[in-house]
Amino acid sequence: MLIVMDILWAIPILAILMSLLGGNRVRNEYVNLSSSAAVFVTALVLLVFSPTKPQSHVSGYILISPFGNWVTLCTGAVYLLASIYSTGYMRILNITGSQAAKFYGLLEGFALTMLIVPFMNNPGLYWIAIDFTTIVSAFLVGFEREAESIEASWKYLIVVSSGLSLSLLGIVLFYWAGTFHLGAVYSMTWATLHSVAGKIPTSLLLTSFLLVLVGFGTKAGLAPMHTWLPDAHSEGPAPVSAMLSGALLNTAILGIVRFMDVLDGTEASVPAHLAVIVLGVFSLSIAAMFIVRQQGIKRLMAYSSIEHMGIIAIGFGFGGVLGIAGAMYQMLNHSLNKSLLFFGAGNAMRSYGSKEIDRIRRVLSFYPVTGTLWLLGAIAITGAPPFGLFQSELAILRAGIGGSNSWAVWVIGLLLIVIFIGFMNHFRSMFFGLEPTPDGSPTMQFNGWLEVPMWLSLAAILVLGLWWPSGMLHFFTEAGKGL
Amino acid sequence: MLTTHLNSLATFLFSFLMTLALVLSFVMLGSHWLRNHILSFAAESWVIAALSASVAYFGHYKELYVIAGLTALFRGALLPYLLLRLVNRLKIDREFTPLFRPASGMVVGALLILMAFALSSSIGAKFGITNNITLMALTAMFGLNLIGFLLMVVRSEAISHILGLLVIENGIFLGSQILVPGLPILLELVILFDLLIIVMTFGILVRYLKVHAGTTSSRDLQKLVG
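Those protein sequence lines, which keep their order, are chains A and B. For the first sequence, our numbering assigns the number 500 to the last residue and increments by one with no breaks. For the second sequence, our numbering assigns the number 275 to the last residue and increments by one with no breaks.
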């Protein structure tokens with residue numbers, strides 16, 4: 018399976034090299050499209066044919082595990098969708114020549130860094146891989162070079178880097194505590210940390226876990242460390258927002274989950290799970306408040322990402338077969354669903370020429386097809402049946418009932434209703450509000466590149482909502498045994 | 050463990066270098082001139098390089114000599130050079146809107162060091178550590194972290210934020226030299242490289258900020274809220 022992983026990394030590297038050669042826009046578009054399609058297929062192959070037990074390679078530096086492969090699949094899927102959409106989006110923005118080569122090169126680089134992250138078996142190298150995703154994506158966020166987008170990317174870089182420095186501190190503390198039992202030099206992997214965790218004093222375990230949680234939580238957009246997220250997601254180009262939201266956040270959640278897994282079986286495990294659940298619930302509440310009174314269309318989507326990261330964290334916090342299965346399923350559903358919404362928001366923003374919800378009106382009468390796709394996506398993201406997120410949220414809620422943290426289930430239930438009403442109210446005013454559009458009718462016509470990815474993601478979340486293949490639960494159960 | 054059997058010279062050298070690093074971070078707190086700030090960061094990096102070299106000598110960790118050299122080169126020379134060039138290009142020579150006067154900043158910094166010491170002592174008590182060098186390394190690590198965050202919080206210039214972040218990283222690096230000298234060398238190398246890339250990225254973004262947003266002070270960056 019190592020060879021498949023090598024191929025997975027080689028594809029975007031090759032694409033980056035080709036974009037470095039420059040060339041015209043069309044060539045770069047097709048290089049990127051083929052790279053993303055190949056990455057998606059390879060990620061699928063890796064997921065299906067990997068053994069269910071995690072395997073380490075290259076003297077313990079590489080870990081191929083079902084959970085990592087799942088996160089990789091999410092990344093691959095979003096990369097493919099975002100690439101198709103980028104092709105259309107960059108044509109509308111009229112980006113050509115070297116600018117286009119730069120954009121696609123960065124996009125491929127961003128995908129590459131995210132494809133490296135899940136395979137890091139050394140928590141320190143995992144940290145560095147996460148750091149690299151930040152650096153590459155900061156340039157993508159500021160790609161349009163407007164005052165707001167540069168401000169957003171600056172804020173993103175500063176907030177996330179300082180957050181991440183805390184998780185580095187946590188990792189060093191943990192490694193140091195381990196030296197009392199394993200000697201001054203030992204290999205730093207998730208497995209060795211797990212093996213030594215039982216011998217480390219509980220308070221130190223918790224201290225380092227909390228540092229790691231705050232650090233990677235910053236990257237994952239968990240409140241109250243989420244402050245960079247709405248800015249970065251709303252100011253970057255729409256396909257970049259989709260990649261940030263659908264793919265990047267998952268890779269940071271992975272670190273939190275693996276560290277939580279390291280503590281499993283120790284006395285620190287229960288408070289660690291509680292801490293993750295509390296952060297998740299807090300993220301949901303912050304998201305609910307900001308969704309209700311939101312004015313920017315892409316910021317609305319960004320706060321919805323904070324909401325979903327909260328739910329995913331809560332799922333892993335509840336743990337158990339159902340909690341982990343629900344959270345993993347939620348990751349994929351959210352990736353696909355959020356891409357659809359960002360594509361819709363990008364289309365609306367470009368055609369109405371505004372990011373303000375107030376300026377987007379009567380979408381259905383101007384854009385019956387994309388409008389419908391977008392509306393269905395919005396219904397799906399709030400967790401309504403028959404879409405995928407309904408299934409996964411239900412599984413997570415069921416995982417919590419009866420456990421020691423069942424209070425969280427009621428709070429989540431309530432907040433999800435608030436978010437549903439708030440979110441749908443914005444869509445009601447954009448789709449069915451009777452007041453005329455402030456700036457006259459939008460005239461822009463969408464090319465197929467901007468619609469096809471919306472169709473694809475809607476079809477996927479519909480299938481995932483209606484059909485849960487029998488092998489899936491088995492896969493999640495096995496994946497949960499060795500995260 | 051490195052710290053269990055050290056002769057008195059090594060003990061003196063380690064504690065002297067760690068104290069020096071902490072004192073240099075107070076120079077940063079006490080001055081609002083960015084150039085002083087950068088120079089004391091460079092000096093602090095040289096101190097840490099000297100610490101790595103002495104750990105390599107007394108603890109027989111040969112590969113730490115390489116780390117010491119690279120620390121001096123990257124953190125002690127290249128990063129300060131890049132930052133100084135940035136300051137010159139942007140023509141911002143001092144922090145104009147600090148939250149604290151230098152004196153108050155130093156008092157808060159001292160309180161933070163006390164806090165770091167209390168935290169380290171309680172961790173030390175958990176492990177039954179009586180060794181002063183270990184406690185001091187923990188104190189210096191937490192202390193530099195807290196001072197780094199303090200620098201980021203009370204100052205608003207973009208370059209001050211970068212320097213705050215670098216002080217945090219210096220703290221972690223200093224602590225890990227004493228606490229976990231056996232940390233895989235690959236990791237240390239990649240962290241050094243990573244830091245360089247981060248600073249270069251920051252540099253590019255700060256210049257964009259100046260050109261496209263017209264300011265490099267976070268106090269004037271107020272467009273994105275809610």
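Just so you know, not all the hints are guaranteed correct.
[What the hints assert, rightly or not] A few chain A residues facing chain B, derived, Cβ under 10 Å:
| hint | residue |
| --- | --- |
| 1 | E163 |
| 2 | E165 |
| 3 | P218 |
| 4 | R316 |
| 5 | T389 |
[To be verified] Derived DSSO-like pairs (lysine-lysine); straight-line CA-CA distance at most 30 Å:
| hint | chain 1 | residue 1 | chain 2 | residue 2 |
| --- | --- | --- | --- | --- |
| 6 | A | K216 | A | K498 |
| 7 | B | K272 | B | K140 |
| 8 | A | K119 | B | K272 |
| 9 | A | K498 | A | K119 |
| 10 | B | K175 | B | K272 |
| 11 | A | K70 | A | K372 |
| 12 | A | K372 | B | K140 |
| 13 | B | K272 | B | K259 |
| 14 | A | K372 | B | K272 |
| 15 | A | K216 | B | K175 |
| 16 | A | K216 | A | K70 |
| 17 | A | K119 | B | K175 |
Derived by calculation from the structure, the hints in this document are not laboratory data. Just so you know, these numbers come straight off a predicted model, no measurement behind them. Just so it is clear, CB atoms sit at the ideal spot from N, CA and C, and this is done for glycine as well.
To see whether the hints hold, each was checked on the structure:
no.: 1; hint: E163; in the structure: holds, 7 Å
no.: 2; hint: E165; in the structure: holds, 5 Å
no.: 3; hint: P218; in the structure: holds, 5 Å
no.: 4; hint: R316; in the structure: holds, 7 Å
no.: 5; hint: T389; in the structure: violated, 29 Å
no.: 6; hint: K216(A) <-> K498(A); in the structure: holds, 22 Å
no.: 7; hint: K272(B) <-> K140(B); in the structure: holds, 24 Å
no.: 8; hint: K119(A) <-> K272(B); in the structure: holds, 27 Å
no.: 9; hint: K498(A) <-> K119(A); in the structure: violated, 42 Å
no.: 10; hint: K175(B) <-> K272(B); in the structure: violated, 47 Å
no.: 11; hint: K70(A) <-> K372(A); in the structure: violated, 46 Å
no.: 12; hint: K372(A) <-> K140(B); in the structure: violated, 35 Å
no.: 13; hint: K272(B) <-> K259(B); in the structure: holds, 15 Å
no.: 14; hint: K372(A) <-> K272(B); in the structure: holds, 14 Å
no.: 15; hint: K216(A) <-> K175(B); in the structure: holds, 12 Å
no.: 16; hint: K216(A) <-> K70(A); in the structure: holds, 25 Å
no.: 17; hint: K119(A) <-> K175(B); in the structure: violated, 53 Å
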